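Colleague: Below, each chain spelled out in residue letters.
There are 4 protein chains.
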Amino acid sequence: MSDEYFPTVTKIEFKGPKSKDPLSFKHYNPDEIILGKPMREWLRFSVCFWHTFVGGGGADPFGSPTYIRDWEGDLQGMDLALRRIDVAFEFFTKLGVDYYCFHDVDVSPEGANIDESFANLDAVTDYMLEKQKETGVKLLWSTQNLFSNPRYMNGGMTNPDLQVFCYAAAQIQKIMDVNHKLQGENHVFWGGREGYQSLLNTKIKLECDHMAAMYTMVVDYGKRKGYTAQFLLEPKPREPSKHQYDYDAQTTIAFLHEYGLKDHFKLNIEPNHTTLAGHEAVHDIVVASEYGMLGSIDSNTGDTLLGWDTDNFPMDLAQTTAVMAVVLEQGGLGTGGLNFDCKVRRESVDPVDLFIGHIGAMDTYALGLRKAAKMKEHGVLKSMLTERYLSWSTHPLGAKIEKSEATLEECVEYAKSQGEPKKISGKQELFEMIRNGYIYG
Amino acid sequence: MSDEYFPTVTKIEFKGPKSKDPLSFKHYNPDEIILGKPMREWLRFSVCFWHTFVGGGGADPFGSPTYIRDWEGDLQGMDLALRRIDVAFEFFTKLGVDYYCFHDVDVSPEGANIDESFANLDAVTDYMLEKQKETGVKLLWSTQNLFSNPRYMNGGMTNPDLQVFCYAAAQIQKIMDVNHKLQGENHVFWGGREGYQSLLNTKIKLECDHMAAMYTMVVDYGKRKGYTAQFLLEPKPREPSKHQYDYDAQTTIAFLHEYGLKDHFKLNIEPNHTTLAGHEAVHDIVVASEYGMLGSIDSNTGDTLLGWDTDNFPMDLAQTTAVMAVVLEQGGLGTGGLNFDCKVRRESVDPVDLFIGHIGAMDTYALGLRKAAKMKEHGVLKSMLTERYLSWSTHPLGAKIEKSEATLEECVEYAKSQGEPKKISGKQELFEMIRNGYIYG
Amino acid sequence: MSDEYFPTVTKIEFKGPKSKDPLSFKHYNPDEIILGKPMREWLRFSVCFWHTFVGGGGADPFGSPTYIRDWEGDLQGMDLALRRIDVAFEFFTKLGVDYYCFHDVDVSPEGANIDESFANLDAVTDYMLEKQKETGVKLLWSTQNLFSNPRYMNGGMTNPDLQVFCYAAAQIQKIMDVNHKLQGENHVFWGGREGYQSLLNTKIKLECDHMAAMYTMVVDYGKRKGYTAQFLLEPKPREPSKHQYDYDAQTTIAFLHEYGLKDHFKLNIEPNHTTLAGHEAVHDIVVASEYGMLGSIDSNTGDTLLGWDTDNFPMDLAQTTAVMAVVLEQGGLGTGGLNFDCKVRRESVDPVDLFIGHIGAMDTYALGLRKAAKMKEHGVLKSMLTERYLSWSTHPLGAKIEKSEATLEECVEYAKSQGEPKKISGKQELFEMIRNGYIYG
Amino acid sequence: MSDEYFPTVTKIEFKGPKSKDPLSFKHYNPDEIILGKPMREWLRFSVCFWHTFVGGGGADPFGSPTYIRDWEGDLQGMDLALRRIDVAFEFFTKLGVDYYCFHDVDVSPEGANIDESFANLDAVTDYMLEKQKETGVKLLWSTQNLFSNPRYMNGGMTNPDLQVFCYAAAQIQKIMDVNHKLQGENHVFWGGREGYQSLLNTKIKLECDHMAAMYTMVVDYGKRKGYTAQFLLEPKPREPSKHQYDYDAQTTIAFLHEYGLKDHFKLNIEPNHTTLAGHEAVHDIVVASEYGMLGSIDSNTGDTLLGWDTDNFPMDLAQTTAVMAVVLEQGGLGTGGLNFDCKVRRESVDPVDLFIGHIGAMDTYALGLRKAAKMKEHGVLKSMLTERYLSWSTHPLGAKIEKSEATLEECVEYAKSQGEPKKISGKQELFEMIRNGYIYG
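Chains as they are written, first to last, in my numbering: chain A, 1 to 441; chain B, 1 to 441; chain C, 1 to 441; chain D, 1 to 441.
It should be emphasised that the hints constitute simulated quantities derived from the structure, not laboratory data. Please read all numbers here as calculations on a predicted model, not as lab measurements. Don't be surprised by glycine CBs; every beta carbon is placed ideally from N, CA and C. Just to be clear, a hint being listed does not mean it is correct.
Simulated restraints, written as ranges between beta carbons of each label pair [claimed, not checked]:
#, chain 1, residue 1, chain 2, residue 2, range
1, B, Leu390, A, Thr386, 43 to 49 Å
2, C, Asp21, A, Phe6, 48 to 54 Å
3, B, His264, C, Pro65, 24 to 30 Å
Interface residues of chain C toward chain B, partial, derived using beta-carbon atoms under 8 Å [what the hints assert, rightly or not]:
#, residue
4, Glu32
5, Leu35
6, Gly36
7, Lys37
8, Pro61
9, Gly63
10, Ser64
11, Met153
12, Gly307
13, Trp308
14, Arg346
15, Asp350
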């Protein structure tokens, strides 16, 4: 067919675990019911526009772009932008994902001034709306790019120059309007340049005050306009900044508390950012979930030995199982999803590699869902965990302490009455053995 | 003199920068006035009891103790404890520090049960009070050790076993009482085992709820008893736990916000913990100070290439200058101080090495104070910094935004009226050159 | 039975993948034939004496020992040493491993002087020889501990003090003799203190010259005595030293080349050390194997986010499969084996946790062997790899270059004749997808 | 003057330590004699072409170029290339450095095929030769870029495709010829893509065999042509590759030994690469120097908390002093130099920032030279070091061991005759205190 950009690829089908066809799902069977919901609803997979259709073409700090996409031909400007939309929706549809995500500048070219840029964005997103209707693919989230253009080199919302701050405001307002038009379910803020390169030339608190002021205006604007997309902050410790203010989940929560914004935001957690912050991959997902702040997940993986964000496709079943266990525990991701903020390696230059990467990752997540669901059904690990904290629920003093009704003196009295506590094994190896039985069994 | 434990060392004197005597200060001249205050008041140096007089005797995970201190002879139990007090106060006095710090179990042996342990602690601290009066040396802070005894292997305040939690309460109550007796100026909580080894066997939020409940009781107890010592939390990201809940300054602040405890605590920041959390050494000091939460400093240094806490004596002038610049900026440390949570290397087995380490560190800090004071007096770096943010204070919209009185629309309008912002150099190299002129000039 | 130390544990049996019994093997079936050899011969499992029966009792830098082993009672000195031998051989036998490893000081107490220490070692190892004969359990390797005793705080073979160097020589000679008596198949050197804490007080090359001189004498001594155990060096980058001279596989190979020792040593690789050196877990195993230097493996795992050696039991199937793929490729480990240089977590205080940890790890390795064998049989990944380098074997210039018979000019001529090379996809995602099919399929 | 590109900057002069002029040297006084040689000869400063005149214009993985250099105007192709040569030589001359370095592709545009590319290179380098003669500035080293062009995405010398290998050969041969024409004193090989992204699709040894074959042809070609530039390998552990074969100094030395190339190469060490490999900044410089392999230094600095190569200007006096101490100890760098492989921060967009960065760094090195020279003259630290190893030179057994004439038995006998060795303090704190006295005194 003349208007196909992946002519050798047909819709990816579920063919079961024995399939040897790389272009098939072995584990992801979208409509199969797991714990009462179809897999597609638990997983809510999303493809990201930037790495998949724009990216730097595989450029890295030491090398030029490596991908040359036939479909781009000699197209430029709006023509190229619209072509990419066609390619993207063909890709979403053939892959069988229900959602996608984008930055403003991913989908439309910047013009000579703000008004031109916005006009371009309007035109392209009108076309995206058409394609959404045509295909049924929905917008998981939109976001603004406040880091690539040189004007943002010293920050967007935290720029020392008021004028740049206002420029950022303009971009934010515009993409919020676009999000509303496209019925996006969430809107993300990631502050790659909201941080510092050197403490010497930086006023941290002043910059955070400004960032908070922006968010306050954003919340106000959304309310006034009746917008419903969930706001999400995405933590990352560094890169491109030496230090980013949204370092990790808890730092970001501290910020929201400090400035009275906590009720208006949730978090979009990316495990690769979590490991860069020095935590285990699922740590921030667990923490955010337990404190009711887990909004969505950027479902990629990194390399714990490299000091930068590699955005690999997730291929580690232990990790995807751990993520899905949290998602099951909180009853799903709500309006959030699992967005593949992943890129094929720059050496993976064949367009089909885009499918291979996503299929491999979707299968690893789908299998993780199956494993996590079985764990949950059996409840063995959960029982062991409950057992471990049993003294708190079985002795009345436990409840009293938890309700902040006890005094230090009461605790001391109890301690003195009991003598030396027993040493109770933490049983980590047993937990691991049993978990492995589920994952690899 | 028969009762001296460092007979070859006399009181360390200031001999000026040309002195070649290792047992003299080249830069620390306690009563010299710098920016209106004596050096000793800016610096408020403190020696820690644990590394200096107890420690593991230089043991590490691969080696037995290396230090054999003659003064310990064959002493044991209370005899040994009291001997160490004599040694310590001789050391404090000869070194010329005004403060010291200790954990309960550093100074007194545990008994067969709580009551015996507390009786020991009472007796030793009575003697310490005498020595304080005799020498004028004061208690910067006390703290409880809830990590060394095997009963705390699964945590103290966050232990899954209610009984251990209560045992911790008993230790805390007791050391608070002791602190009050000794007129300690602060009281520190460091939660080395308040964290997890494995997410599999841990309920993070439940454990943090319990920790918060303890602090709530602690605050209440202190209020009821009229205690005035400032409570301090000391962040550390890990070690001994794989993950510690008080990961860094901002994580700890998030915790305090979450549980309504923020007004009752400040932070005790240790730069070596800060680098382990992935931040530049002074980052947490700066952040804590700017948000009004910097209470005290553990003035050691670490090794950014080693993944554990080395507690080296600070010998890097650039770092001590940066710390003192923050201290000067906030007008001093209040009731806090610069506590040397440092240990001589395990190969530095001579008792005189204890003096060398401290003198070297005190001089590096004293010189850092001199450099920072000169920077502050000249004001060049500060002017450059003010200049950088000038647009915010010179345009009325800046103030409006900062007061949360502006709308997104006003910002957008301003942005559109101005066109593309100028690209303003961040001048990091110039800031560094000028700073170097002060530090090395 | 009165002389059992693990009375509740009987011989661990293979019960297949559906078994829920923690004290059974789900995957390790010792006599099952895989690719022509019984599993036990491919795996050659070994238990280490130090972590399992001595260790620091679970002590860490912030905590006292946590394990209290009933079997130790109040025993001391030689009585305790001999008791541990009984416990160990009961453990080896019940677990069903064929090998064990030890340091001299693990098994026998140091005496008042060298001669007493050696007499103790003779007595205990005589008893170990009896137990070996009785049980059929064999010695995989012995080693000398040149790092725990304070005399070695500044190094053993690299100590600035000649006297300490000679003391190390004495320990080495003795344990070589003991190894010979016990028919050990290998002898390991791990130099935890052969490195530096500070460049300021260290002469690196002089220290390495001394270390090489020791190895030269060791090789000579072994030859003269007709000893046949394979010498192995075990790299580690740091800890306890800030920098260890045997940083990683290639650094150690450089040392062996430099001093003409390469033919007399192979390497004992520990993946946890490899990740501490900044490499992927199996990197050093692959490198050592490809250069014919892989002698044995310390089959534990670490935590890539912690900066110290955690010696966890290996529980990651992807890693064990990757290791076993290398072992299969080189046709087995020869005289080497998979030694569990692992310890239960210090919170895992129940003796049965020792079994759980080992069983979990053995099953993870056994399943890794099964997966790697299937990969090898199918040959899919290997074919893809061969295909990738095909240009070298299909064009005559390739062979000429590989035989060092080509000139730069010939290469240039070929390049000019061919024009711009094709960009060939590295297909990393496809390799990962197919590997995952084997591991998780 | 119409043909000046830095019209506001005149020749940078030495104005002494009290100068407040950022565009003056405070410490670098090129013709001042230090320990018998002019500063310029000890330091042999070099400016790199890539970061200073090309770079990515300040682009990073998250942002577009930020520097817009007026002198580039709308120039393209050869016109732009020649303009940059003019700019560069004006910069070298005004800054007062004697050397510069470049990659082939830095200075001349690639053409439609090899021949065109080489013709461009010939033309530009003919012009560079003229400028060298005119200004007296010399070529410290040249190198080939085998990593930026997409053809090298899977490696240059280690590419699985023979054709790419040969293309690399063509580039190498050409730049060797150019180097000879320009009388370059060294020629560097840095293998950013000579490594792997995934072990799954890589044959490590085969790739290293090919790399060695290339070097063998290179050495042969140089010999046949009578070329005299010193070959240098530059280690780096990773980035852009996940793992680079020339990981660090010792890994590179292992490679040279393995393939019989050790006599033909020295090393070019970059401290920022050294810290990325997990070593202290000067470790590789010390190791390379002690083994006679230190050829040249890339005198930048990095950030030990960031996992990528930041190429900052060196501003840390302790580090530059340590480097210069090694250089003094080996009597200078021979044909090597201190090349500033540094870039201004991407926010430092003013052309004058290029001067500020270099001046700050040159001063930090010049002051480091002064401090190191004083340390060497006084000899205090060296005496302390000699003292530490004295037992080896004062007892005859020491010499015997060092000459490989002793047996294990002789050492054992000596150990037994001496009893327990003394525990001798390593005195690290004293070494540090004395060093600080020199650096900050």
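Colleague: Give me the numbers of the hints this structure contradicts, sorted from smallest to largest.
Modeller: Hints 1, 3, 4, 5, 6, 7 and 15 are the ones this structure does not satisfy, whereas the remaining hints hold.
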